[in-house]
Every structure is written in structure tokens, then in C-alpha cells.
Amino acid sequence: MVLAKVVGTVVSAHKEARLGGIKFLLLDKINPATMQGKNDYVVAIDGVGAGPGEVVFYVAGSSARLTAVTDGKPTDATIVAIVDNIEIRGEYVYRKDGQ
Amino acid sequence: MVLAKVVGTVVSAHKEARLGGIKFLLLDKINPATMQGKNDYVVAIDGVGAGPGEVVFYVAGSSARLTAVTDGKPTDATIVAIVDNIEIRGEYVYRKDGQ
Amino acid sequence: MVLAKVVGTVVSAHKEARLGGIKFLLLDKINPATMQGKNDYVVAIDGVGAGPGEVVFYVAGSSARLTAVTDGKPTDATIVAIVDNIEIRGEYVYRKDGQ
Amino acid sequence: MVLAKVVGTVVSAHKEARLGGIKFLLLDKINPATMQGKNDYVVAIDGVGAGPGEVVFYVAGSSARLTAVTDGKPTDATIVAIVDNIEIRGEYVYRKDGQ
Amino acid sequence: MVLAKVVGTVVSAHKEARLGGIKFLLLDKINPATMQGKNDYVVAIDGVGAGPGEVVFYVAGSSARLTAVTDGKPTDATIVAIVDNIEIRGEYVYRKDGQ
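Residue numbers (the numbering used here), protein chains in the order written: chain X, 1 to 99; chain S, 1 to 99; chain H, 1 to 99; chain W, 1 to 99; chain Y, 1 to 99.
Simulated from the structure, these hints should not be mistaken for lab results.
Be aware that a few hints might be false.
To give an idea of the interface, some chain W residues facing chain X are shown, with a C-beta separation under 10 Å as derived from the structure [said to hold, decoys possible]:
#1 Gly-8
#2 Ser-12
#3 Lys-15
#4 Glu-16
#5 Ala-17
#6 Met-35
#7 Asn-39
#8 Val-42
#9 Ala-44
#10 Pro-52
#11 Gly-53
#12 Ala-64
#13 Val-69
#14 Lys-73
#15 Asp-76
Cβ coordinates follow ideal geometry from the N, Cα and C atoms, glycine included.
Please model the complete structure; the sequences and the hints are all you need to start from.
As C-alpha cells, this is what we get:
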């Protein structure tokens, strides 16, 4: 799975029928060592109610269809978790509560 | 899913039988932060009636087969949405109506 | 799908049984804006009778198995079309007949 | 499969239901010729009880679901082995016991 | 499929049960135009009895499971052929017999 930040939204009125009613979020992948965005974007379906600015991870490939929201849908990137904290070598590099 | 612009077409008379009657569009992936093309091209099947110059996103991998147009076909990239607008951190970076 | 040029062949006497009798072509991916090779090679199964020097596109991933030649075979890259012409922004960048 | 080192953990209280009770490890891919990290991170599900600092390899794509821990779950990266040693051209470049 | 050279082995006593008894080879991808390694490594399951120093190609993704050795196993890279020769634009760039 890939760590990313929710940076925006993508809106489409004209889309494949199986994607009707789906919300698309724009993600920027992040390097957890620095928590900076990589300027490397992906459009993902939100499977967990993520909001702008949140750090998430998404699943790519065929597994992107294995969530309650995306079953049978043509997706290759689905957000499966909102991240609370990331620890590297015993140190927090990210804590959602900001402490 | 990946943001891209429709920049052209690819025509083939001699192709796998299951791709008969299919139209192939040439896409250039875009960086939504700048809306510039990346000079990184992919041939995609059009699942939504996209036209030249339009911003779209396509789905890659096995999910590319999960559209009305591509069911059971050997595709790894299918356009599933024509984009109306893209918003990053509360600002529109793209609006199809150009306003 | 990915645009490439057929640049050679790869021969193997000792291979997985399900690949018996299969011909392997060596492809160099191309940038259609310049029609130059990228020096980025892939070994592909030929599903359409492509020959040396021809511009083709191949399908990657699980869809590579969905052709008459490759059904059930362990392939991740199968040529599915010989390209006749490529047009970018209204201009031909490639025409097989060379005109 | 891809060689990587376990460098940390990612914690999420709010995630896709099918991922409940799953532990997520943060991996940094390594170059076995130097055994250095590539500063290229992935979030993986642990299928083998790996711990911090251990060298592992993980499987990507749909095969990431084919383990006892991940069957039917939306994962694209699952650790399938803790590495004991790596040998390149007859020389050990890594031995877990450090000798 | 991807051309690579067998450069070593990876040994693991502690691994996913379905991988028991499997031998893992370390491959370095090669550029066939120069036959040099790319310093880009992958751990692959051997489906054809390849040995150190041999040039092979492996299949990635779900097709890596479609060999006699890997059926149903969590692999994303399986060697499916030992290469005898590679020809580019009518010239041999590699012949296993070294002539």
C-alpha cells in the first residue's frame, strides 16, 4: 500500500456507469521519512471517508476492488485507511493529533 | 486512476480479434498541479466517448476490463471519466468550461 | 497499452512447458511524440504476426492472457496490434506506409 | 518479490472493515548489492511475524492476497519471507546472524 | 517479460507456508542492447532450473502463478525461460554458447 495525502478532488459528470455516485479524491504520494509530497498524483476512490489534508494509504491493482465501496467497480486505487501515526525506527514521523 | 489528456489516436487494421471495432486514443499523462503533459504516453480504450483535448482519467490493470465497452477484452488502460474540474487545496486548477 | 517497436527476437530452448511453440519478440518502447526508442526493452509474445521493425502496441498484466495465442499462458506482455498510423493533435507522427 | 527492510509501523484506527486487526509495517526497499535502503517506502501486511530491522521480501499485486493472513483482503503488498542470507556471485552480502 | 541475469540466491527459513521448499533466485535486470546489469534487483521463483550467471526472462504479476512450480503460490516474479540467444536488428547481442 502507498502513503499519500488527500490534496483535492476530481469531479466528472460523464463517466463509466459503474462509477456513478462515487467520489474521487486526488492524492499526492508522500515520502514518510520527510512527510513531504512527491508531486506524484493519483486519483483514488475513497473507501473510508477521508477528508482534505488527511494522510491515508491506498491499495493499488485488483485489490482496489475488494472493499465495501468498490466491489466489482473499475478502480485501480482505493483508499483503505486514514493514518493515525507513522513511526520510523522508534520515532514518530507523523501523528494525526499533531502532538 | 491516472489523469491524462487525449492528444491523438492510434489506428490499427491488424489487431487481436477481440479488439475489433475498438477505438484507441493516445493519452499524455498530466501533472494536475501544473496541468502540463508529462510526455509520458499510453494507448487507452475509450469507455466514455472522450474527444481530442479533453482531460480524462483512465483505469489501469485488470480493472480496465470492467467497463461496458471492455468486458473480457485484452486492455490494460481504459478511460472511465471525462473530467469537469480538478480542485487542489480549495483552488480550481482545471475547469472544463474554462472559467 | 504501450507503443513499441519490434527490434529483435529472444530464443529459448529451455522454458516453462506452457510456453512451448511460442515465439518471443524483443520490443523497445517508443515515445510517439518523437517516434524514437526509449532504450527500454520488454520481451513480448506475438498475438498478431508482427515482424521486425514494425510499430506495435502490447497489453501488459493479466490482460496479456486474453488473446487467442496466449489464453492460460504465463505472459505479462502480448502484442495485440500492428500500428498503421499515429496522429497527435491533428498531425500524423507515424504512417506505416511511410507517406 | 522485492527485498526491503522493516523500518517502522503505520497505525490506523479508521480503515476498511476487511483490514480489521491487521498490522501494517513500513518497509524501505533495499539494493542487495549495497544492502542500503532506497528511501522508497511501502506499507505492507505482515504474513510471517517480521520485526523491526529485519530484512524481508514481500510479494506485490494480486498474489499479495494468497497468504494465510491476507486471503480475500485488499492488500497489494504482503511480507512472505524473513531473509536469512543473500548471496551474490558466491559472496554473502547479508547474513542475518551477522557473521 | 523481463530479461535478467541470475546473480545470486536468497535464503529464508521463516516464510509463508505456501512457499515451503521453493528456491528463490536473485536477478539483476539487464539492458539487452548492452547486456549489462541495471543494478535493479528482483527475487524470483525458478520455474525452469536456471543457474548462476544464466540469462533468463521472468514473468511478473498474476501470470507468475501460471507455471507448474508456482500454481496457487504467492509469487509476483517467476523465471519462465533460460535464454539461448538474443538478436537485435539482425545481430546477435547474446549467445549462450558464447560464440
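Hint check results:
1. At about 4 Å, the closest approach between the beta carbon of Gly-8(W) and any beta carbon in chain X falls short of 10 Å, and the interface hint on this residue holds.
2. For the restraint placing Ser-12(W) at the interface with chain X, the shortest Cβ-Cβ distance is roughly 4 Å, inside the 10 Å limit, so the hint holds.
3. Checking Lys-15(W) against chain X: minimum C-beta separation of about 4 Å stays under 10 Å; hint holds.
4. For Glu-16(W), the interface hint holds, since its Cβ comes within 10 Å of a Cβ in chain X; the closest pair sits about 4 Å apart.
5. With its C-beta approaching chain X no nearer than about 6 Å, Ala-17(W) sits inside the 10 Å limit, and its interface hint holds.
6. Below 10 Å, beta-carbon pairs count as interface contacts, and Met-35(W) has none with chain X, the closest being about 16 Å; its hint is therefore violated.
7. Annotation: Asn-39(W) was flagged as interfacial toward chain X, and the flag holds, the nearest CB pair being 6 Å apart, inside 10 Å.
8. This hint holds: Val-42(W) has a C-beta 7 Å from the nearest C-beta of chain X, less than the 10 Å allowed.
9. For Ala-44(W), the suggested interface contact is upheld, since its CB lies about 7 Å from the closest CB of chain X, less than 10 Å.
10. Checking Pro-52(W) against chain X: minimum C-beta separation of about 7 Å stays under 10 Å; hint holds.
11. For the restraint placing Gly-53(W) at the interface with chain X, the shortest Cβ-Cβ distance is roughly 8 Å, inside the 10 Å limit, so the hint holds.
12. Among the interface hints, the one on Ala-64(W) holds; its C-beta lies about 7 Å from the nearest C-beta in chain X, closer than the 10 Å criterion.
13. Proximity of Val-69(W) to chain X is violated relative to the hint, the smallest CB-CB distance being about 14 Å (cut-off 10 Å).
14. Against a cut-off of 10 Å between C-beta atoms, the interface hint on Lys-73(W) holds, since the closest Cβ of chain X lies about 7 Å away.
15. For Asp-76(W), the interface hint holds, the least distance from its beta-carbon to any beta-carbon of chain X being 5 Å, beneath 10 Å.
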